[in-house]
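Peer 1: When we follow our numbering, the leftmost residue of the sequence shown carries the number 1, and every step to the right adds one.
Rather than coming from a laboratory, the hints here were simulated on the basis of the structure.
If you're wondering where the values come from, they're calculated on a predicted model, not measured in any experiment.
List time: in silico SDA-like cross-link candidates among lysine to any residue, alpha-carbon distance up to 25 Å: (1) Lys-288 to Gly-236; (2) Lys-184 to Ile-142; (3) Lys-296 to Glu-88; (4) Lys-127 to Val-66.
The calculated label-pair distances, taken between Cβ atoms and stated as ranges, are: (5) Ser-122 to Lys-185: 15 to 25 Å; (6) Lys-58 to Ser-122: 20 to 30 Å; (7) Ser-125 to His-51: 14 to 24 Å; (8) Pro-69 to Trp-195: 36 to 46 Å.
Glycine included, each C-beta is placed from N, C-alpha and C at the ideal position.
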Amino acid sequence: MFPLKIKVILLICISITSIYLVISGSFRILYKGLPSDHFDGRRFFYKGSTHSFTDMVKWIWQMETVEWPAWVDDPPQAKPVEHVKAGELKITYINHATLLIQIDGINILTDPIWSEGAGPISFLSTKRVRAPGIKLDDLPRIDVILISHDHYDHLDQKTLSGLSKTHKPKILAGLGVKSLLNEKKFPDITELDWWQYSVYKNLKVTFVPARHNSGRAFTGSNKTLWGGFVIESPEGKVYFAGDTAYDDFIPEIGKKFGQFRLTVLPIGSYEKRWYMKTQHMNPEESVKTHILLKSKQSVGFHYATFKEHPEQAINAHEKDLSIALKKYEVPETAFWVLQFGEGRYVRK
Numbered sequence: 001m002f003p004l005k006i007k008v009i010l011l012i013c014i015s016i017t018s019i020y021l022v023i024s025g026s027f028r029i030l031y032k033g034l035p036s037d038h039f040d041g042r043r044f045f046y047k048g049s050t051h052s053f054t055d056m057v058k059w060i061w062q063m064e065t066v067e068w069p070a071w072v073d074d075p076p077q078a079k080p081v082e083h084v085k086a087g088e089l090k091i092t093y094i095n096h097a098t099l100l101i102q103i104d105g106i107n108i109l110t111d112p113i114w115s116e117g118a119g120p121i122s123f124l125s126t127k128r129v130r131a132p133g134i135k136l137d138d139l140p141r142i143d144v145i146l147i148s149h150d151h152y153d154h155l156d157q158k159t160l161s162g163l164s165k166t167h168k169p170k171i172l173a174g175l176g177v178k179s180l181l182n183e184k185k186f187p188d189i190t191e192l193d194w195w196q197y198s199v200y201k202n203l204k205v206t207f208v209p210a211r212h213n214s215g216r217a218f219t220g221s222n223k224t225l226w227g228g229f230v231i232e233s234p235e236g237k238v239y240f241a242g243d244t245a246y247d248d249f250i251p252e253i254g255k256k257f258g259q260f261r262l263t264v265l266p267i268g269s270y271e272k273r274w275y276m277k278t279q280h281m282n283p284e285e286s287v288k289t290h291i292l293l294k295s296k297q298s299v300g301f302h303y304a305t306f307k308e309h310p311e312q313a314i315n316a317h318e319k320d321l322s323i324a325l326k327k328y329e330v331p332e333t334a335f336w337v338l339q340f341g342e343g344r345y346v347r348k
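Start from the sequences and build out the full structure, keeping to the hints where you can.
Peer 2: Structure representation (C-alpha cells):
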C-alpha cells in the first residue's frame, strides 16, 4: 500500500486542485446547447449514480499498489502498410487507446498519444513504461482521427498538433472538445452528440454513448462529451468503445447496428472494482460485450502503457481475459491481445 505520508500528501493535493477547479474551471463554458437526457445545460452526465469526492478519497486511502517494471522493451514489429486493399480490414495496437484501423483504403487513428507522460504538466503526468509500438514517422498517412474524450491519456495536444500539421486529418470528437483546441492548428474538427454521425468518403462514423466522464485541469469536469465510435463501411462495421463501463447502452448499440466485423474493447484499469465499475469495463464485461454485439473479432486496448491505476499487475488483464473467455466459452482466437506495434488482418 501507499505509505501514510504519501496518501496524506495525495489527498491534500487533490483537495487543493479541487478547490482551484471550482474557483477557475467551473466557470469556463466549453459547450453551449439545449438540455438533453445527458446534458443539464452546463455539464454532461450519464444516468445513474456517480462517485463523490468522498468516494475518491476512500479509493486512494484503500489503494494497494502492485509493482510494475520501470521500463519494458518490446520486440520490434513490422511497419504498417500504407493502405489495405478493398475488402480488407487491419488493426494495429500502438499503445494505450491508440490503434490504427485500416479499412477499405482509409486510415483511422484512435486517441493518439506519443508523449512521454499523460497529464497537464510534466511533474503531474503519469509516465509511460514502454515506447509506442509504432514510431510517429512510421505511420501511413492518417485520414481520420477519433477522440473518445478529453482526458490527458486520450486527448494529447502535443501529439495531435504534430499529426494535424503532417497529415491534415479530419478529427471527430464529442461536443465541446473543439473549444480545447486551437482552431488554427486543427481546422477540420467535427463535434458530435451521441447518435450523431459524420461521413468521410465511403465511411459513416457515429458517436455512441459510453459510461465514463470527462475533464482536464483548469477546465472543470464533464464540460465536454465522451463516447465511442461505430464505423460503418461496405466492408463491415467496427466499434471502438473508448473508455467506458459496462451498461445497457451496449445492447442498444447492437440493436441499432447489428453484427460487427470488429469490436475494439477496453480491458485494463479496472480495480478496485467498487470504484472502477462505473468508469471502466473489466475483461469479463468486455467478453460479454463481444457476445452481445455478435462480434466476429474483438481486440483489447487500454493496458500496460501508463501506470495510471496501480492496483493490478501489468499483465493482469491477460490473465483475467483468459479466465473470462473460458467462462463464456469464447475461443481465445476471437479476442486478441496484441503486442505493442502488432498488426493483424481481420477476417470478413
